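Peer 1: Sequence:
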Amino acid sequence: MKFYSFLSFAFFSTILTACSSSSSFKANDLKSEIYNGYWAMYPVENQYRVLKFQQNGSVRIYDYSCHNDGTYSLNETETVYLSPIRENQFTLLDAQKKPFAKYEFLQLNAQRFQAKQSFDKERPLILTYTNLKGAKPLCY
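Numbered according to mature numbering (1 follows the signal peptide of the UniProt record, and there is no 0), the sequence shown spans residues -18 to -1, 1 to 122.
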């Protein structure tokens, strides 16, 4: 399932709207390590993504395809935004600043982090990322 297909869940996110409307992101809402480098996601359901966190609360998402010959290609990029709910938990907002998911940091250090992404009425995903110097996917 592509990341942008999850945007359809925004319709069901009225509770998230209430949570996100009163909060604004500050750089210290996240540990400083998150802003260093790019974060490559361990593949989930043939999804190969890399994240780049910015101190203004925006997250650049790079969506890739991995090919059988070991190469990869960039499909698209998009920007989402973090809106704090409480410590380590955020509402994900799309480009129009509409909520579509929750994102909770479970574990974070300079090399790796793990997060739980929840969509309304869907089973949450546990996602693991590793820190890299450039935006390149983990193709196996």
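Simulated from the structure, these hints should not be mistaken for laboratory data.
Treat the hints with care, since some could be wrong.
In silico SDA-like cross-links for lysine to any residue, where the CA-CA straight-line distance does not exceed 25 Å [claimed, not checked]:
| id | residue 1 | residue 2 |
| --- | --- | --- |
| 1 | Lys98 | Ile43 |
| 2 | Lys118 | Lys103 |
| 3 | Lys13 | Leu88 |
| 4 | Lys13 | Asn38 |
| 5 | Lys8 | Lys103 |
| 6 | Lys79 | Phe7 |
| 7 | Lys103 | Lys13 |
| 8 | Lys98 | Tyr85 |
No experiment lies behind these values; they were computed from the predicted model shown.
Peer 1: What are the numbers of the hints the structure violates, in ascending order?
Peer 2: 2, 5 and 7
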